[in-house]
Structure formats: structure tokens, C-alpha cells
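So the protein lines, in turn, are chains A and B.
1 is the number of the first residue of the first sequence in the working numbering; add one for each residue after it.
1001 is the number of the first residue of the second sequence in the working numbering; add one for each residue after it.
Just so you know, the hints here were simulated from the structure itself, not pulled from any lab data.
Quantities reported herein were computed from a predicted structural model and do not represent experimental measurements.
Mixed in with the good hints there might be a few duds.
Here are a few chain A residues that face chain B, going by a calculated C-beta distance under 10 angstroms [what the hints assert, rightly or not]: (1) Leu-33; (2) Val-34; (3) Ile-37; (4) Ala-55; (5) Gly-155; (6) Leu-157; (7) Pro-178; (8) Ile-180; (9) Arg-181.
Idealized CB from N, CA, C, for every residue including glycine.
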Amino acid sequence: MSTDLASSAAAPYRRVLRRSQHRSRSTAVVIALVALIVVLAWVGTESVLAVFGLAPLLVAPAALLHFIDNPDSIGTAAASALALLGVVLVAVALSPGRRARHALPDDRMAVVIDDGVLAGAMVRAAVRESRLPASRVTAVVSRRQGTVTVVPTSGSLVNAAAITRAVETAVAALDPQPQIRATVNVSERGVVGS
Amino acid sequence: MTNSNRALNRLIIALIALALIVIAAWMLNRVTGLVAIDALGEPDKTALWIAAGASLALVVASISWIATRGRGHTRTLLAANDDEGTGTIEARVAADLISDDLSRVPDIVDVSAHAFLVRGQATLELTVTTRRAADVRLVVDSVGRAVAALDRTLDSRIPVLLHVASGVRANLAREQRVR
């Protein structure tokens, strides 16, 4: 992460900011390990039962190995499912695991805000400039992009340039990291009444 | 925020993925016969004991890994020693002081706080839930003033992480009319 926080006071916060902007994957690990525990407990139990020549709980190890060695159509389907699950887990392990949050530079604190809050700030700026009811203005914020959509009142003009300026000023005042580019879309079709 | 080792979390998921892919590849290879490998055949007693032992070891390791997640929280924010003993300030005190200061900021719905250890240093995490379309600058500056007041009260600068959140409560809360 190369969020260039201007203030030197923020430097010790780098670890805190990085950790709060990324998922820990602990939930994924716990789910995967619980599944692993169930499977391994079963495999271990079956192995011990087989050593002493006792009846298997579900499938004896020899039969299980035979199934793995000579998969029928069910076995092929199961193998495909396992491969798919493996690929999904590889994606979970390798993806950056970013949370939808931005950092704000601050002298005293490490500050992160949810992208929804950032979108709200953009809506606020657009509403103040356009004097439209807040329900007509929506915003979506992704990592590097913030898009405001304005639905004007039918028959009245909306000054898109002024709204864009107001939104850009509001974003610049917050200076979210990573930086976002603000765009304003004015809907083609207006709405009657307020 | 906890002190979970995130690189190890990734590694564990990757290893489980690898095991699944190896089993799947083995079975699919047996079906298609792309690579000639001998079948696993019948397990003998040694193999069964090894399987049982390895399973037990992995189960124990997995349970201990799961049980040690979520560590790193602390109740004590600050401890001061002198000749007569140790004085500690709990995170709840700081949370109450901050919440009090912020109760009059209109855009803030809720303030919660807890402390956790980052590299041995107690850090205060403040989660501030705001109304929809809140004035974020005002919220952050208000919290900044409350933290400055806390600094003066405690006479020390505790690291603070401020998380401005848009929770479910924020979406349900009535939006403030803009004058």
C-alpha cells in the first residue's frame, strides 16, 4: 500500500491503517479449518477402526482409496467439485482482500472511513449545490472512483459543472487515500414534483 | 482489529487449496489416464497408523489455531507506576469521555471504543457511526477535538484509530435536513 500520508505523525500508524483496510481472512480460515477437522477426524477414526478390523463408520479406508484410484462418474464429478473449491480457495488466499474503506490524512489519529460514508459526503455536497431533495442524489464510491448520480426535476435545468465542482471540492477537502476521481452524472430523465 | 498473523492465514488457505487440487488432479488423472501413475492400492497397517496419527496432529493444530484467533484486545489503555503502586486507565473510561464530547455532534449516531495492542502499544479504536450524507470533515474534526481533550485529561498521547462507519443503524437513522 503506497498511501502517501503527508504528516510524519502518521508514520507509526501505517500498520494500523493497512490492517484496518484489509481483511484478516480469519473467517475464511476458521470455516476451512472446521471442515478440515471434520474430514480428518473421520479419516483418523476410520483408519484406527480398520487397523483393528472393526466395522467402518461410513466407508473403510481401503474402499475410499479404491474410489480415489478408480473414480466412476460420481467420482469424476466429486473430483471436479474439489478442484473448483481448491481454485476458489487459491483466489481467497491470493486476492488482496481489500475492504471498501479509504484512509484520511490526519495529524493526530489514523482515520479510515467506509466508502459508504465517503459517498454520503459526496451526496451532501451535490445536494447543497443543486438544492435538489437528497433522495434524488446517489453516489457510489469504489477504490479510485466516485460517481454521483443526480436526477433533476422535470423541466428545470441542473448545473452539472457547478455540482461537479462542489463534489470535487468536498472530496479534495477530505483527501481520501487512495485518491478517488469524482464524476457527476445527470440523469437524462427528470422526475415530476419533489 | 486483532493481532492475527495474516500471512499465515493466507498460507493455511493456500495449503488446504493445494491439498484439494492434488486429490482432484489425482482422481481426474486416473479417469483420463494422462500420466501413468501406479494406483494407491490397499493400505497396510503402517499406512493406517500414519494416517490416523497425521489426522490427529492436524486436528489438534487446527483447533489450537482457531482457538487463538481474535487475540490482541486489551482492557487497559494506560498504566502508570510510582512508589505507591500502579494506576491503570481502562479503555472504557476513554470511550466514555469521548462519547460524552461527541454526544452533541448531530451527524454522529453512535460511538463505540475498544483498545487493542499493536506491537505492545495499547491503541484506542474508535468506531463512529454517522447518519447518511454526514459532514465527514465535521465528524473527523469533532473526534479530533475530543481526542485532544482526552490527551489533556490523560496527559499522554495514546495512538488512536478512528473508523467512520456506515452501519445498518446509519441507514435506518433519519437523514438530517440540510437547513
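Q) Which hint numbers doesn't this structure obey? A) 4, 5, 6, 7, 8, 9
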